[in-house]
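Asker: Chain residues, written in single-letter form:
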Amino acid sequence: MTLDGTLQIRINGEHRRVESGISIAELVREIGFDPIRVAVERNLEVVPRSTLAEVQVEDGDDYEIVRFVGGG
Amino acid sequence: MNVQAPVQADTWTVAGRTFTSRLIVGTGKYKTLEENAAAVEASGAEIVTVAVRRVNVSNPNEPMLTDFIDPKRITYLPNTAGCFNADEAIRTLRLAREAGGWNLVKLEVLGEAKTLYPDMRETLRATETLVKEGFEPMVYCVDDPIAAKQLEEAGAVAIMPLGAPIGSGLGIQNRVTIRLIVEGASVPVLVDAGVGTASDAAQAMELGCDGVLMNTAIAEAKDPVMMARAMKLAVEAGRLAYLAGRMQKRRYADPSSPLAGLI
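Quick mapping for you: the protein sequence lines, in order, are chains A and B. No gaps in the numbering here: position 43 of the first sequence is 51 in the numbering used here, and each next residue is one more. No gaps in the numbering here: position 104 of the second sequence is 157 in the numbering used here, and each next residue is one more.
Quick caveat, the hints were computed from the structure, so don't treat them as lab data. Every residue, glycine too, gets a C-beta built ideally from N, C-alpha and C. Treat the hints with caution; some may be incorrect.
Simulated DEER-style distance windows between Cβ atoms [what the hints assert, rightly or not]:
1. A:E34 x B:S111: 16 to 22 Å
2. B:Q203 x A:G40: 24 to 30 Å
3. A:R18 x B:K125: 29 to 35 Å
4. B:V110 x A:S31: 15 to 21 Å
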């Protein structure tokens with residue numbers, strides 16, 4: 009936790025500050041994505057989509073947020 | 054006799070899901086998502102492979118593959134292309150399962166970047182773990198009948214030997230081993246990688262494979278949509294030739310016209 013009450017997290021390898029008290033679903037929406045179209049890994053554990061709205065973002069969290077793209 | 058009948062009745066089943074098209078196409082390397090979608094349509098494929106990648110945080114409005122190829126109509130087969138060990142592949146597929154909600158996946162663990170040849174030790178290890186976690190992995194592998202059998206014993210729902218290195222377009226290099234894999238397998242066998250043109254796809258099917266998976270042969274053709282149609286026809290032609298049972302080869306000529314009644 010920083011002095012101004014924001015949380016320091018990482019998303020896809022990049023550092024970011026977010027307000028405390030938000031859920032992962034809110035975090036995903038805040039960066040511009042629809043939670044039902046992505047998958048989220050938090051500190052190396054997959055977060056089930058059904059719980060994205062319930063799990064709170066915590067200071068120091070490391071997220072991978074992925075989607076399907078073209079591939080062979 | 055109705056020549057259409059065998060094609061329509063001829064389905065194949067992987068992990069309890071039945072498909073009519075025996076052609077699986079990749080969705081990489083296309084110039085545009087529109088072209089990609091048109092090629093998938095022309096190929097008649099019912100399954101496409103897709104990759105799992107980080108969202109682009111700096112551009113959330115980037116067009117999505119799912120806007121062009123409807124996952125409700127076409128089965129998305131998430132793959133692990135680009136993974137060089139079992140742990141990376143498993144991690145990727147756990148995310149893919151969450152993103153898509155399905156267990157049918159394509160496992161591919163590569164050994165090194167120059168040949169993209171599969172690392173079979175890691176591939177086998179990943180297969181065992183994935184099966185324990187409830188996945189149904191279709192597994193990319195070397196064209197080795199023993200390795201194929203080991204994967205099947207580990208729970209692979211389909212065996213997908215390479216015909217030649219990924220993206221090389223060299224065609225099927227070892228017909229003998231592909232045929233041996235087909236003969237020994239009790240799960241579907243699909244040639245995955247190495248197909249360059251329609252005759253390569255037909256050849257895979259003539260060897261008795263249940264299907265063919267390709268990406269570059271279509272995406273890098275001058276006209277990908279036309280090549281997609283060619284591949285559809287080649288897979289069907291090869292399949293029919295396999296079912297029809299080819300003639301025996303002879304060392305010398307055998308005239309087609311009767312010898313009796315010659316003037």
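Asker: A separate judgement is required for each hint: does it hold in the structure or not?
Answerer: Here is how each hint holds up against the structure:
1. A:E34 x B:S111: 16 to 22 Å: 20 Å, holds
2. B:Q203 x A:G40: 24 to 30 Å: 45 Å, violated
3. A:R18 x B:K125: 29 to 35 Å: 34 Å, holds
4. B:V110 x A:S31: 15 to 21 Å: 18 Å, holds
Of the numbered hints listed earlier, the single one contradicted by the structure is hint 2.
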